[in-house]
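Peer 1: Chains A and B supply the protein sequences, listed in that same order.
Numbering-wise, my numbering puts 263 at position 216 of the first sequence, and it's gapless, one number per residue.
Numbering-wise, my numbering puts 259 at position 70 of the second sequence, and it's gapless, one number per residue.
Hints should not be assumed to be uniformly reliable.
[To be verified] Below, in silico cross-link-like pairs of lysine-lysine (DSS-like), each with a Cα-Cα straight-line distance of 27 Å or less: (1) K358(A) / K256(B); (2) K204(B) / K414(A); (3) K158(A) / K124(A); (4) K422(A) / K253(B).
[Unchecked claim] Which stretches of chain A does chain B cover? Using the computed rule of at least three CB atoms under 8 Å from a CB of chain B, they are: (5) 349–356; (6) 384–392; (7) 410–420.
Derived by calculation from the structure, the hints in this document are not laboratory data.
We put the CB at the ideal spot given by N, CA and C, even for glycine.
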Amino acid sequence: MRFYEFEAKALLAKQRVPLPKGGTAETAEEARKLAADIGGAVVLKSQVLSGGRMKAGGVKFAETPDEAAGIAEEIMKLEISGQLPKCVSVEQKAAVAKEYYLGVTYDAVAKLPVMIVSDMGGIDIEEVAEQHPDHVAKAHFSTLTPFTDFRAKELIASLGIKGRELTQLTSIVARLVRVFQQYDLTLAEINPLAQLEDGSFVALDCHLDMEDEARDRHQGVLDELGIAPDETRQGRPPTEFEIRGARVDQVDPRGVAGRVVEFEGNLGCVIGAGGGSLTIFDAIQKHGGKPANYCEIGGNPSVRKAAELTKLILSKPGVKKICVIMNVVSNTRVDIVARGVIKGVVEAGFDPADKIAIFRIPGAWEKDGFAILDKYGVEYCDRSVSMSEAARRAVEKVKSGA
Amino acid sequence: MFVRVDLTPEAASDKELAKKLAQICPVDIFEVDGGGSVKIVEENVDECVLCELCIEAAPPGGVKIVKLYSDEVLQR
Numbered sequence: 048m049r050f051y052e053f054e055a056k057a058l059l060a061k062q063r064v065p066l067p068k069g070g071t072a073e074t075a076e077e078a079r080k081l082a083a084d085i086g087g088a089v090v091l092k093s094q095v096l097s098g099g100r101m102k103a104g105g106v107k108f109a110e111t112p113d114e115a116a117g118i119a120e121e122i123m124k125l126e127i128s129g130q131l132p133k134c135v136s137v138e139q140k141a142a143v144a145k146e147y148y149l150g151v152t153y154d155a156v157a158k159l160p161v162m163i164v165s166d167m168g169g170i171d172i173e174e175v176a177e178q179h180p181d182h183v184a185k186a187h188f189s190t191l192t193p194f195t196d197f198r199a200k201e202l203i204a205s206l207g208i209k210g211r212e213l214t215q216l217t218s219i220v221a222r223l224v225r226v227f228q229q230y231d232l233t234l235a236e237i238n239p240l241a242q243l244e245d246g247s248f249v250a251l252d253c254h255l256d257m258e259d260e261a262r263d264r265h266q267g268v269l270d271e272l273g274i275a276p277d278e279t280r281q282g283r284p285p286t287e288f289e290i291r292g293a294r295v296d297q298v299d300p301r302g303v304a305g306r307v308v309e310f311e312g313n314l315g316c317v318i319g320a321g322g323g324s325l326t327i328f329d330a331i332q333k334h335g336g337k338p339a340n341y342c343e344i345g346g347n348p349s350v351r352k353a354a355e356l357t358k359l360i361l362s363k364p365g366v367k368k369i370c371v372i373m374n375v376v377s378n379t380r381v382d383i384v385a386r387g388v389i390k391g392v393v394e395a396g397f398d399p400a401d402k403i404a405i406f407r408i409p410g411a412w413e414k415d416g417f418a419i420l421d422k423y424g425v426e427y428c429d430r431s432v433s434m435s436e437a438a439r440r441a442v443e444k445v446k447s448g449a
Numbered sequence: 190m191f192v193r194v195d196l197t198p199e200a201a202s203d204k205e206l207a208k209k210l211a212q213i214c215p216v217d218i219f220e221v222d223g224g225g226s227v228k229i230v231e232e233n234v235d236e237c238v239l240c241e242l243c244i245e246a247a248p249p250g251g252v253k254i255v256k257l258y259s260d261e262v263l264q265r
């Protein structure tokens, strides 16, 4: 779940990360008052859940309160990535001498959180890492032992930063790590962290994402920020298809058959298990296929849930076939998913042998599952066929119309 | 589509068994009808997880689960 910049800054403020003086406004008059209170030049920023605000015209500077009011009015009407701003932030314009990047996220390969620091902030860290790798330093840390500031200091020092800068940056990186851990974040970025002309530091922009599954643990702080439990915080409003997908998952508490995201392709996806969804989605694209949707299925959903998800996907215009691919399952049963998917296809008025391009779910109760698929003439495979190969076969079938 | 539940007439009319089956089935295939007998909830039959608790609860042969995709019969 992504936080608006002003909310993210409120969380950073709790750890005393230095921030520019400012606030948020929903009207031109509020912006004028904030600018007058701040005094001097201000920066106004559209509060949308999207990057690229500067390029889209959602970040502007004003020299006077009147100018701030006019700009705020413009920004409030400006749509960025299909979103109108929740509000406009009005902050003191900083006299920047140098910009840094600070980030904390999870390294899925190392299975550990990682701190990232660069002395080239203000631009995409991926670009810096590619073009100036010597200006990016990374260090993993454990969540099992308390974090010590010394780890941050070592990391920053590895970039050749010394003296007062090293001391100040150490404290800010350590605070960012604490915010990351305290609020179960998946990403905590300050970019840029500005070093001002007087040598002090201030976080000009930041991006925090909270793990969706952790929302219940942080209801207190979310209430404080005014974030309702049903506020999904997707990058765009959910489509009707996605809303219907969420309803499918809410039918009963057994397993997951939802988290549907709509795409424009022709291959419907009933995919999941242990991170399988992303892998399978990528594999379909790698083999030249066009997924019609992303979804997650796992945890042994009921036959009804699997059937309703299948029907939903088949109801999407342009879907030629579906592929049913999962990682090796243990607590999810192959036979239950097979029943659900076949039931869904039949109830939608199609022949499972024609509509299911491939069924690749190895694991618990696969003997029964495969017997069901045999009866309905559905092509299936076991774990000796990789998810990638199964995706390739599905893509080929859609392309050839077989 | 996938599973059929068969009860003998004796099992179906057994009021004590009806209560027991309604209680133990994890996917609510059994209910107690107005007369106290066993009622099968048809829309839940395909949810059967083949746990065989109903077979164990009933007298031998009282409840049978038929896998319609393989003709295998689960019974005591």
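Peer 1: Confirm or reject each hint.
Peer 2: Verification of the supplied hints:
Of the pairs offered as hints, the one joining K358(A) and K256(B) holds, with about 24 Å between alpha carbons and a cut-off of 27 Å not exceeded. Note on K204(B) and K414(A): the hinted pairing is violated, with a Cα-Cα distance of about 36 Å set against a maximum of 27 Å. A hinted pair counts as satisfied when its Cα atoms are at most 27 Å apart, and K158(A) with K124(A) does not qualify at roughly 43 Å. The hinted pair formed by K422(A) and K253(B) meets the criterion: a straight-line CA distance of about 21 Å does not exceed 27 Å.
Coverage of the stretch 349–356 of chain A by chain B holds [criterion: at least 3 residues with CB-CB distance below 8 Å; count 3]. Check result for the stretch 384–392 of chain A against chain B: holds, 3 residues qualifying (beta carbon to beta carbon below 8 Å, three or more required). Beta-carbon proximity to chain B at under 8 Å applies to 3 residues in the stretch 410–420 of chain A; the threshold of 3 is reached and the given coverage holds.
Violated hints, in rising order: 2, 3; the structure is consistent with all others.
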